[in-house]
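S.K.: Chain by chain, the residues run as shown.
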Amino acid sequence: DGGITQSPKYLFRKEGQNVTLSCEQNLNHDAMYWYRQDPGQGLRLIYYSQIVNDFQKGDIAEGYSVSREKKESFPLTVTSAQKNPTAFYLCASRPGNTEAFFGQGTRLTVV
Amino acid sequence: EDQVTQSPEALRLQEGESSSLNCSYTVSGLRGLFWYRQDPGKGPEFLFTLYSAGEEKEKERLKATLTKKESFLHITAPKPEDSATYLCAVRTFNSGNTPLVFGKGTRLSVIA
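Here the protein sequences line up with chains W and C, keeping their order. Heads up, the first sequence is in this note's numbering, so the first residue is 636 and it goes up one at a time. Heads up, the second sequence is in this note's numbering, so the first residue is 222 and it goes up one at a time.
Hints were generated in silico from the structure; no laboratory data involved. Don't be surprised by glycine CBs; every beta carbon is placed ideally from N, CA and C. Be aware that a few hints might be false.
Claimed, not checked - Here are the simulated lysine to aspartate or glutamate pairs, EDC-like style, with alpha carbons at most 16 Å apart: (1) C:Lys263 <-> W:Asp689; (2) C:Lys325 <-> W:Asp673; (3) C:Lys325 <-> W:Asp694; (4) C:Lys325 <-> C:Glu238; (5) C:Lys284 <-> C:Glu238; (6) C:Lys280 <-> C:Asp303; (7) C:Lys278 <-> C:Glu291; (8) C:Lys289 <-> C:Asp223; (9) C:Lys263 <-> C:Asp303; (10) C:Lys278 <-> W:Glu734; (11) C:Lys290 <-> C:Glu277; (12) W:Lys706 <-> W:Asp673.
Stated by the list, open to error - With beta-carbon atoms standing in for the labels, derived distance ranges: (13) W:Thr655 <-> C:Ser239: 24 to 32 Å; (14) C:Thr288 <-> W:Asn688: 37 to 45 Å; (15) W:Gly731 <-> C:Glu277: 39 to 47 Å; (16) W:Ser715 <-> C:Lys290: 38 to 46 Å; (17) C:Tyr272 <-> W:Gly675: 27 to 35 Å.
Unchecked claim - Not close to chain C: a few residues of chain W, all C-beta gaps over 10 Å, as computed: (18) Phe647; (19) Arg648; (20) Asn661; (21) Gln676; (22) Glu697; (23) Glu707; (24) Thr714; (25) Thr733; (26) Gln739; (27) Arg742.
The shape of chain W in the complex, shown without the other chains (with noise of 0.2 Å):
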């Protein structure tokens, strides 16, 4: 089936660890994005891509990091520069100028 996979689902992380959640497509999609969710907060973006090899810092991009060497992947590297990590991280992917599909997510927690 075609979609957006992330994984794992869950996470934790221990104060100074560097972690690497996965986001693999294979919606032949050019553009990928990272978003993170706190509560009450809404979706803000990390970083985002458009094409292979390249891409661009969002808002809150400060203690991530990102790579973009296949179409199909965008891994999202946790730094531990971020001292407020735990929250909901989506992936997404669009083709084009339409919607954006999502992946289900990973909880982080910092444990």
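Fit chain C to the supplied structure of chain W, relying on the hints for placement.
M.R.: The following block gives chain C in isolation, referenced to the frame of chain W:
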């Protein structure tokens, strides 16, 4: 700066009690307004796209409408399974293939 504001933040309805959710926007040229439904712990699910003032879209008990300043999501005779957070997002002439700008959502609870 493009802004999207949704109201109310939360809405509680009795089953069968129709109501509307609001999404107002301040953007530099609208190229599309999108409605999504999000269940707890899940990713948003696409509902509708509206492109021009006067346009309407319907799906089961939901109808979305668009004016030059706002969009409404009308829910007719809701059922408990309509309980979810409804998100509104816009794309503007500035954005090209860049990201949608989202509102904070309206959390709808329908009580049997």
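S.K.: Confirm or reject each hint.
M.R.: Taking the hints in turn, this is what the structure says about them:
1. C:Lys263 <-> W:Asp689: Measuring from Cα to Cα gives roughly 28 Å; hence the hint is violated.
2. C:Lys325 <-> W:Asp673: holds, 10 Å
3. C:Lys325 <-> W:Asp694: holds, 15 Å
4. C:Lys325 <-> C:Glu238: violated, 24 Å
5. C:Lys284 <-> C:Glu238: Holds. Lys284 (chain C) to Glu238 (chain C) sits at ~15 Å (cutoff 16 Å).
6. C:Lys280 <-> C:Asp303: Holds, at roughly 12 Å.
7. C:Lys278 <-> C:Glu291: Holds - the C-alpha atoms of Glu291 (chain C) and Lys278 (chain C) are around 15 Å apart, at most 16 Å.
8. C:Lys289 <-> C:Asp223: Satisfied, since the Cα-Cα distance of roughly 14 Å is no more than 16 Å.
9. C:Lys263 <-> C:Asp303: Holds, because 15 Å separates the two Cα atoms, which is no more than 16 Å.
10. C:Lys278 <-> W:Glu734: Holds: Lys278 (chain C) and Glu734 (chain W) sit about 15 Å apart, inside 16 Å.
11. C:Lys290 <-> C:Glu277: Between Lys290 (chain C) and Glu277 (chain C) the Cα gap is close to 15 Å, so the pair holds against 16 Å.
12. W:Lys706 <-> W:Asp673: violated, 28 Å
13. W:Thr655 <-> C:Ser239: 24 to 32 Å: violated, 46 Å
14. C:Thr288 <-> W:Asn688: 37 to 45 Å: With a Cβ separation near 41 Å, Thr288 (chain C) and Asn688 (chain W) satisfy 37 to 45 Å, so the hint holds.
15. W:Gly731 <-> C:Glu277: 39 to 47 Å: violated, 24 Å
16. W:Ser715 <-> C:Lys290: 38 to 46 Å: holds, 44 Å
17. C:Tyr272 <-> W:Gly675: 27 to 35 Å: The hinted range 27 to 35 Å holds for Tyr272 (chain C) and Gly675 (chain W), with Cβ atoms some 30 Å apart.
18. Phe647: Holds: least Cβ distance 16 Å, greater than 10 Å.
19. Arg648: holds, 19 Å
20. Asn661: holds, 16 Å
21. Gln676: Gln676 (chain W) is in fact no farther than 10 Å from some Cβ atom of chain C, at 7 Å.
22. Glu697: Glu697 (chain W) is indeed farther than 10 Å from all Cβ atoms of chain C, at 17 Å.
23. Glu707: holds, 17 Å
24. Thr714: Fine: 22 Å to the nearest Cβ keeps Thr714 (chain W) off the interface.
25. Thr733: violated, 7 Å
26. Gln739: Per Cβ check, Gln739 (chain W) is inside 10 Å of chain C; nearest 5 Å; violated.
27. Arg742: Non-interface label on Arg742 (chain W) violated, nearest chain C Cβ at 7 Å vs cutoff 10 Å.
When each numbered hint is compared with the structure, violations occur for hints 1, 4, 12, 13, 15, 21, 25, 26 and 27.
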